[in-house]
Each structure stands twice: as structure tokens, then as C-alpha cells.
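Visitor: Okay, here's what each chain looks like letter by letter:
Number of protein chains: 2
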Amino acid sequence: MAKVIRVNMAEKTVTVGPVPEQYAAFGGRALTSRVVYEEVPANCHPLGPFNKIVIAPGVLAGTAAPSSGRISVGGKSPLTGGIKESNAGTPVAQKLGRLQIKMIVIEGQAPEGSYLLKVDKDGAELLPADDLKGKSTREINKALFAKYGKKVGIMTTGVAGDYKMSMAGICFNDTEGRASRYSGRGGLGAVLGSKGLKAMVVDDEGAPGVAIKDLELFKRGQKKVVEAIRSHDVTKPGGALNTFGTAVLVNILNEAGGYPTRNFSSGQFEGASKTGGEAILEAVKTRNGGMTGHGCHPGCIIRCSNVYPNPDGSELTSCVEYESTWALGANCGIDNLDTIAKLVDQCNEIGLDTIEAGVTIGVAMEAGIIPFGDGAGAIRLLEEIRQGTPLGRILGNGAWFTGKAYGLTRVPVVKRQGMPAYEPRAVKGIGVTYITSPMGADHTAGYTIAPEILAVGGKADPLSPAGKVDLSRSFQAATAFIDATGYCLFIAFPVLDIPAGMEGMVETMNGVLGTNWTTDDVGKLGLETLKLEWQFNKKAGFTREDDRPPEYMRYEKLPPHNQVFDIPDEELDKIWAGFEA
Amino acid sequence: MAKVIRVNMAEKTVTVGPVPEQYAAFGGRALTSRVVYEEVPANCHPLGPFNKIVIAPGVLAGTAAPSSGRISVGGKSPLTGGIKESNAGTPVAQKLGRLQIKMIVIEGQAPEGSYLLKVDKDGAELLPADDLKGKSTREINKALFAKYGKKVGIMTTGVAGDYKMSMAGICFNDTEGRASRYSGRGGLGAVLGSKGLKAMVVDDEGAPGVAIKDLELFKRGQKKVVEAIRSHDVTKPGGALNTFGTAVLVNILNEAGGYPTRNFSSGQFEGASKTGGEAILEAVKTRNGGMTGHGCHPGCIIRCSNVYPNPDGSELTSCVEYESTWALGANCGIDNLDTIAKLVDQCNEIGLDTIEAGVTIGVAMEAGIIPFGDGAGAIRLLEEIRQGTPLGRILGNGAWFTGKAYGLTRVPVVKRQGMPAYEPRAVKGIGVTYITSPMGADHTAGYTIAPEILAVGGKADPLSPAGKVDLSRSFQAATAFIDATGYCLFIAFPVLDIPAGMEGMVETMNGVLGTNWTTDDVGKLGLETLKLEWQFNKKAGFTREDDRPPEYMRYEKLPPHNQVFDIPDEELDKIWAGFEA
Chain A
850 MAKVIRVNMA
860 EKTVTVGPVP
870 EQYAAFGGRA
880 LTSRVVYEEV
890 PANCHPLGPF
900 NKIVIAPGVL
910 AGTAAPSSGR
920 ISVGGKSPLT
930 GGIKESNAGT
940 PVAQKLGRLQ
950 IKMIVIEGQA
960 PEGSYLLKVD
970 KDGAELLPAD
980 DLKGKSTREI
990 NKALFAKYGK
1000 KVGIMTTGVA
1010 GDYKMSMAGI
1020 CFNDTEGRAS
1030 RYSGRGGLGA
1040 VLGSKGLKAM
1050 VVDDEGAPGV
1060 AIKDLELFKR
1070 GQKKVVEAIR
1080 SHDVTKPGGA
1090 LNTFGTAVLV
1100 NILNEAGGYP
1110 TRNFSSGQFE
1120 GASKTGGEAI
1130 LEAVKTRNGG
1140 MTGHGCHPGC
1150 IIRCSNVYPN
1160 PDGSELTSCV
1170 EYESTWALGA
1180 NCGIDNLDTI
1190 AKLVDQCNEI
1200 GLDTIEAGVT
1210 IGVAMEAGII
1220 PFGDGAGAIR
1230 LLEEIRQGTP
1240 LGRILGNGAW
1250 FTGKAYGLTR
1260 VPVVKRQGMP
1270 AYEPRAVKGI
1280 GVTYITSPMG
1290 ADHTAGYTIA
1300 PEILAVGGKA
1310 DPLSPAGKVD
1320 LSRSFQAATA
1330 FIDATGYCLF
1340 IAFPVLDIPA
1350 GMEGMVETMN
1360 GVLGTNWTTD
1370 DVGKLGLETL
1380 KLEWQFNKKA
1390 GFTREDDRPP
1400 EYMRYEKLPP
1410 HNQVFDIPDE
1420 ELDKIWAGFE
1430 A
Chain B
850 MAKVIRVNMA
860 EKTVTVGPVP
870 EQYAAFGGRA
880 LTSRVVYEEV
890 PANCHPLGPF
900 NKIVIAPGVL
910 AGTAAPSSGR
920 ISVGGKSPLT
930 GGIKESNAGT
940 PVAQKLGRLQ
950 IKMIVIEGQA
960 PEGSYLLKVD
970 KDGAELLPAD
980 DLKGKSTREI
990 NKALFAKYGK
1000 KVGIMTTGVA
1010 GDYKMSMAGI
1020 CFNDTEGRAS
1030 RYSGRGGLGA
1040 VLGSKGLKAM
1050 VVDDEGAPGV
1060 AIKDLELFKR
1070 GQKKVVEAIR
1080 SHDVTKPGGA
1090 LNTFGTAVLV
1100 NILNEAGGYP
1110 TRNFSSGQFE
1120 GASKTGGEAI
1130 LEAVKTRNGG
1140 MTGHGCHPGC
1150 IIRCSNVYPN
1160 PDGSELTSCV
1170 EYESTWALGA
1180 NCGIDNLDTI
1190 AKLVDQCNEI
1200 GLDTIEAGVT
1210 IGVAMEAGII
1220 PFGDGAGAIR
1230 LLEEIRQGTP
1240 LGRILGNGAW
1250 FTGKAYGLTR
1260 VPVVKRQGMP
1270 AYEPRAVKGI
1280 GVTYITSPMG
1290 ADHTAGYTIA
1300 PEILAVGGKA
1310 DPLSPAGKVD
1320 LSRSFQAATA
1330 FIDATGYCLF
1340 IAFPVLDIPA
1350 GMEGMVETMN
1360 GVLGTNWTTD
1370 DVGKLGLETL
1380 KLEWQFNKKA
1390 GFTREDDRPP
1400 EYMRYEKLPP
1410 HNQVFDIPDE
1420 ELDKIWAGFE
1430 A
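Protein sequence lines, in the order shown, are assigned to chains A and B. Quick note on numbering: the first sequence equals residues 850 to 1430 in this note's numbering. Quick note on numbering: the second sequence equals residues 850 to 1430 in this note's numbering.
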């Protein structure tokens, strides 16, 4: 029977109970956001005793549904001050699913010490783990695999979590055990740090597996999803993502003039081709090491991850994806892929969100701490974070914080979260998503890049403000649904273009849950989650003034299109008008 | 004829025009808050091109009304993100009054360089002042007095303003020309820094003097105010403030258990008697140097300021007032008055709000950067700010920022502004003022200490939550009126207890302005200003969630009374309920 595990860090107690009936049909983000909404006082201090961390695998995680190994982590964000859900693809999601653990809620704070939560088929226990504190995620994974066996799943934070930095992510292992998959955004690693929970080990030996209410329906849906993924140009084997990884987007966005460069001062980077997916594949080929087409969890059939090699072919890091190569590359004026890979590896080890790290280094360059393009300097800055120096404390708290420390106004954030790798002045629908998502600036919250740039799910002019509020809302709603399923967001590409894929997605969910949802319910169910998130933020003190672009994007024109962000505030305010009742 | 000077820093233009009719009856805070409300977009970036600095002397500044040399500076605060008015007592107020300059509005931003505004009877001009950048306020005053003569008034910022730090105040000269009187709170020095205005020199040679509509009425009122000040125990010559300075409160608050100690972890400090007003007077006497009974501007008959001597009798600094000796003393566990005076002097030179500086050092001690009681360490921390090191950038942005950099929850701020020298858990009315003032935590916004501790203007039990919301509201309203007059807030002591004093205050205003206000209008007029301030904040995105105490004060009991802050949120929300229409 499906279980809920509650861990009280103040009392050092673990309780295992049944899943409340009202949560039965939820998983992933739909569940974490509901529980955060219901249990966390919206106005609490994010690092205080009343915040909680809620961990929930997607509904399908652990099943044979393709590319469905995603896990959601929720809580009140120390970065944004609002609700946060951040998800990752990792075997940990699948192991929890197979153990029928619906969610794990971490409550209260240990007055001192670091702890490890050990989860297995018999329940969970809290163990002392002071030896893990101050270690890199790589060292922690190594120590825990040595102790608990190669087959367990591991969640941990790096020193950034120990320091309670707003850039601290939560790290999960990948298929081969690397400490490389991140619920990166929003600083939930700092919340774990504030609670004293350093790591979680999940052992699914003897797990019962995911209970499926209607296996036939599930299988029918699964087949449709597999076929859709395998037939869509973006996601098929040998397709764009599989061949080049997500960094296939580098040249595409650069061509479109929407590739943020040198702290969002231009939409084109002269070093784009040296740092994109084609260059990564070239390195893998010529160095005879690493790989593209890597999967972050077993059962993924898209396989957009990679392992990036050193010049001698040995492994440097995994993975150099689009957001990371941009954040630590173009956004910092750095065009050396080896340097970028090294920076990615540092982030993975220290426990940092690569997006926030790159946006922050860009702001630090804007402040003149190091010049744009200074790769060695960027490596030094990340070491400052690792060591927790005063400069590291500034940087580790993110782009907004760094901009404030140095009195800057050109700081590309919304709700204090650094913007990802699409320029809102050149791709306006994604700008609406950044600005209006309850999560802060987040491309995954409503990926309008699909129609605006990739001609997937329709076609929209990226430079036009027209219709972008509606476009973003429908993408945000559909995304909130997908984030509950356990499916990777990339199934959206085939599912948007291939009706049978959309049916299959819903059928796999109905098969597991016994629900009778139709494809029309997808947006409706997603909006229900969004409404709770929006209302949490409202209770936390957010207003329409938090749904605003950075001021300078209203008057500073972005080359090469020389555009400002020109969707009026009044238009932006319409997006959640329905939530205000 | 009264004038308004507008300075456009982007265009480097100065325009002098008449006072718009609707502003005729306003001065000081009533004027700055109105203009900020009307002209500054509430959601603008505080350091961006759309913020403004509004400088306005009180209505009576420059007249013979006693203790009326106060000046208000307004703008959007980079510390709180809300509206800010911060006032100081200085001859500059009186010179502007005598020049019939109703206000000076600083707009736009110089793309580069530092500038000086020279104001005299013929108007104003903007001059290059790159030589002043990076200098201490003492050096700046010295250079400008040498250039423009000893009789001018000077406004400037220290390096904190150059760095655009949220702790940067605006410095005015005192009677003898020291760079020691501050519009300290809220970081308006950073706004000046963002505009490129480094200093202002005011030469009132040949000034026409304040125009007085009804001289007889004015003189009648003036006499009543003088008599009230001279007969009240707190303000009379040889009375508490005149003899010991404001630091006479140290032992009183300590006795009451409301003297915040070691980052607000106790309400009593074992070193109180070594750092209070009596000890300051003792140092002046035994060292045969410095003075108490010093006036911050000519014509003050309260004279609560002091000059603190070195052991050899030479001047160390001016002045060691209650807030400063507390912030840099008890709040940091420092009980050496010479060290405290040195810290005050550093703040004056660097351009820092002493309250925010002390609260920030307390938080830095809580973070373990230096231990509580480490005076030499505190001096080093202020030097980090002066040098703009990474640690200095953290500290220079205030207590909230420092607490966030180090992941702390015990951070005594409201609206991100550090709390002054009264513990809200032990003196609950002042807690309501801290929490609900549109200015952020500010004791001068509604000084309920008068009835709660000093039995002035009635009597109220400091530990009781009962009636404190109403008490704070009426004090906040009356204060908003006084902050418009140019009178020092300390006239509130005699004016609250002596009806003729209250009449005199209103009569001096009616005399100058030709208005027909009664004493009943005082609170009403004050509320009008408060309402505009509250509405600015609302437009800036503030909600009731910003009118909250720090979370830990709700559950962490304060010795010696072992009290939490127990006025419920719903009670707090009633205070401005009338503004929501």
C-alpha cells in the first residue's frame, strides 16, 4: 500500500502512514505544491522551523512508461520567498515509486548535527551523518555507495546546502551513480541544510513496484507515448536531442537573436558555435571519450544527456546541457567548452544550480569583479563559494543578491530568480512565463520556445507581443500537469504535435491511478496546481508587482533586434485574473 | 518668493521655479512624501533612473522657532523597497529655509562622474566633483569649507554612497561644521550615489529669510513652545536630555529589561552603566574635554548632542547618542565607551547609519564572523565597508542582507530595516511602530516609549499588548505632523504634557503659513501623510505580510521578562484599516 513518510528533524522521529485519500491521484509537483500550500505557513522564514521539504516521485516513476523517472521537491524557496517545485530525472524517483512511497515530508530542524535518512522496503530511519558535512557531492556519493551498495539511490546537498545559500540545489544520482542530476532551482538545498538533513539513501531491494489499477489501459497508453517519442524529430532516436543533447539549441537560439550574452546585454554570442551541441558531439568523437545520447535514468528513450570528455578522453563531467553551457558560457562571455565543462563539474560538486551560478557570475562580471570572458576567474569564483568566503557568500545567494551587493540595476531576475537561456526581449512568450510563473524566472514552467522557435505545437513570432499571455498560460497549465506525471517535460514535444501521444500520456496516468481523465483535463488539472501555487505566493505577500520584468528590460534595447520587453503590465496582469476570486 | 529647485542629473540641468499651490502648506516629511508619492513610480528600481531624491526643510526651519532646524530627505528606499523619509537636525535646513527654497528634487542619473550642487540666493548650479569621490565625509567637508567659506552648509555622502550600499546615509554638517548629522536611515545615500550627486553646498549669504504670514501669531506660538521646552523635565536646561544627552535612556531601558543586547537575545546588558549618558558626562568631566549640552543646529534650546573626548581631552567624535551607543555597544556586547565613540566616528566618516551599522555588526557576530564583545573586530568590520571588500559589501547592505548572506533566522528587522534600541518583546507599543510604520523598523516614527517608559503623554504598561495598536497609530500620526514642521521630535515631550506647548506648535505653523489649523488637526494632517506613504508602499507591492515582526520574536522568549511579541497579526492589521478604501 502506498505510503507517506514524515521525518521530524527536531524530534528525530520518522513516521510511516497511509496516503490520505485526497492525495491519491497526485504525484510530483501536483502533490508537493498541494502539501506545501496546506502545511507550510506562507509567511514563514524559509530557513526557519516552519518550512518543510516535500519530496514526491511523479505518478509514473518506477513504471515502464518511457522517460518517466522524474522527482519533485517542494517547499518555500529561500531564493524567491515563494512556493517552489524543482524536479530532476534520476533513478531515485523510480526507486521511491517502486517502494510505493508517495511522498516524504521533512519537518522541523535539528538543533545541531547532520543526518542521513535511510529509506527501504521496511520504512525509514534517521542516522547521524556528521562525517558527510562539508564534503563534495561526489565524495558523499562515493561514501554512501561504498556503505550501502551500488544499487541504492542517493539524494544530497553539497557545501552550498551546509552554508544555506539560496543557490543550493538538491543533488540526485544518475543512472551510473554520478552526483549530477539536480532539483537545482530555488535554493531548496539551503532548506535541507537548515533542517540538518544532509542526505537520503533509497534502497528499493524487495520493493513491491508501482501498483497499477488498469494494466491494459496503462500498456495501451505507454505504447502510444513510446511511438510518439520515437517518431518526433526532436525526440526520436538519432533526432536532435538524442544526437546533440539539449545544447542543440545553442546555435538555434543564437541565430534567432535570443541567446542571452554577457549578462543579457546582447542576444547573440560570437562563441556560440564553439559551445553548442555540435561542438560537444565533436569533442566526444575526436577525443574518443564521453558520450552523447546518455540517459539520466533507466528507461529513458530520449536520452538527451551526455558525458563530456577531457582532451585525453577521460571523463570530465556530466552533463553539459543547454542551460549550463549557456549560463557558464555565453552569459559570461566564455567560449571554451572545456572551461564550461569544468564549471559545470564544480557546480555539481559544490551543490549549485548551474543556471543561477552562471547568471550570478554574469552579474559579478557586470560588477567588474572579473572581466567577461575570464574562464579562470569564473572557476575561482566558484571556489570562493565552495570555501564560503565573504565573496562566496554573496555569489552563493544568487544573481539578485550579488546585484544588490554591488548596487547594480542590470540584473536579469524575476522574483529574485535568475533568468534561463532565452532572452525575454527577443522571445516574448518565454518572457511572460519568466515573469508570471509562481516559481520565478523559469523556462520549464511554460516552454513557449516550442512554438516560438521550434515550430512545435504551433507557430508564433518570437518578437511579437501578441497573444503571448494566453500562449504562456496554456503552456504553464499543461506543464503543471506533466510535472505531476513523472514524465520528462520533453515528452511535450511529441505530445503537442501528435494527438495519440497526448492520449497515451493521459491513458498511462488513468491506468495507474484509475482516474477517467481526458486530454481536455490536462490544462484544467494543471491550472488547479497553478492556482494553489499562486495563492501560496499571495499569502506570502506577493502581488502583481512581483509579476514584472526587470526595469531595465523595459528601456534598454537588446541587439540584434533592438527590442525592449513590450508586453504591458496590464496584459501581464490578465494571466492569473481567474485566480483572484 | 518660495522656490522649487529641480536638478536633472542625466541632462546636467538645474531649473528653479515657483512652489506649486498645492504644496504651499507643506514642508519636511509632508512635502517629501507627497512628491515621492506623486512623482516616483512606486515599483521603480531604487537605484535606477526613475527614483528621485527630494530634500525639504521643515516649514519653520530658518525661523526663530526653537529647535526647528530639521531637514527631510525622501525617496524610494533601497533598504526597504518602500517610501522613505529620513530627517536630520542641521544648519543646512535653516539655510535652505532662509533662502526660501521649499524643496530640491534630484532626478535622473549622471552616466558617469560625480557632481556638486551649489545653491545660493541666485539659484543653483551643478559642478564637477570627481575629486570628492572616495573621500571621507570629514575630508569632503574640509575641502568644501576651504573652497566655499566656513559659513556654508554642506550635504554629502561618504564612500558608502559611492558604493550604493543600503546602509548609506546622507550627511549634513552640525553647528561647528562637523560632518556628523545624518539623514541616516533607509539608504538614501545610495540613491544619491546612483545619481552621481556627491555633495551640495548651501550658501545663504544675502538670503531673504523665511516669509512669515502672521508674525504676531508666530511670536505668540514661539513663546509658548519655548516656555514648554524650558519647563519640562526632559527638555529643560539642566534637564535629562541637556545634561546627559539622549543616552540618559541607556540605564532606564536597561532597568526596564527592554535594552536589546547581543543581537536582540536579551533585554539587559551588564555593561549598560559603562556606556550610558552618565558615563559620557563623566568622561567629559574627568578628561576635561568634549562637551554635553551641545546643539546640532543654532537655535536649539534642548541641546541633547555631545562631543565625546579622547582620554587626553581632545575631540574624538560627535555625537555619542542613545541609538549609537546602543547599536555599537550593547547590541554588539561592547562595553567600552571609547571603542563605541570610535565606531560612531567611523560611521560618520564612511557615511553610515549608526543604527543599521550596529544592528548589522550584531548579526555578523551572530553569524560568528567575530565574537560578541570584540570591539577591535567591530572596528575592522567597518573598515571592510570603507574599503568595499566583499565582506564590506555584505555588511554595507545592512542587517537583513548580512543575515541572508549567512543563512540566519535571528535577524531583528522589519521591512528589512534594522530595529532601533528598544526591544519589541519588552516594550510592545514601540514594537507596533516598528512593524507597521511605512518606514520599516523606526523608533522615531511613533515614539510610544514616552508613555510606556517615561510616563510622558500618559502612562502605559510596556509589557502589555493591550491598546498598543491605537497608541502607536496616534503617535505615528502626531509624528508625521511634527516631521513637517522642522521642529525636533523632542518637542513632543513638552508638547504632549503641556497643552500650551501644543497650541504654540500649531500657532507657529499657522503664523508662517497663514493656515488656521487647530491642535485637533495635528493627528488628522499627520494621517494624511501616513496614508500617502502607505499607499506608495502598497503600489510598490507591500502587503499586510510586510507588517509583521521577525518570526523568531513570536516564539523565542526574551530575558529577563521571558516574553514573546504577542500582539496578534489581526490586531496589527487594524492599524491602517482606514487607508484601504
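Treat the hints with caution; some may be incorrect.
A pair holds if it fits inside one copy or across any two, identical chains being indistinguishable in the list.
[To be verified] Cross-link-like lysine to aspartate or glutamate pairs, in silico, EDC-like; alpha carbons within 20 Å at most: (1) K861 / E1429; (2) K1388 / E1429; (3) K1387 / E1164; (4) K852 / E1054; (5) K1085 / E888.
It is worth saying that the hints were derived from the structure and are not from the lab. Since this is a predicted model, take the numbers as computed values, not measurements.
Visitor: Against this structure, judge whether each hint is valid.
Guide: Taking the hints in turn, this is what the structure says about them:
1. K861 / E1429: neither (40 Å within a copy, 45 Å between copies)
2. K1388 / E1429: Classified as both: same-chain Cα gap 12 Å, cross-chain 17 Å, threshold 20 Å.
3. K1387 / E1164: neither (46 Å within a copy, 54 Å between copies)
4. K852 / E1054: The answer is within: 17 Å in one copy meets 20 Å, while 82 Å across copies does not.
5. K1085 / E888: neither (41 Å within a copy, 57 Å between copies)
In terms of the numbered hints stated before, the structure departs from hints 1, 3, 5, listed from lowest to highest.
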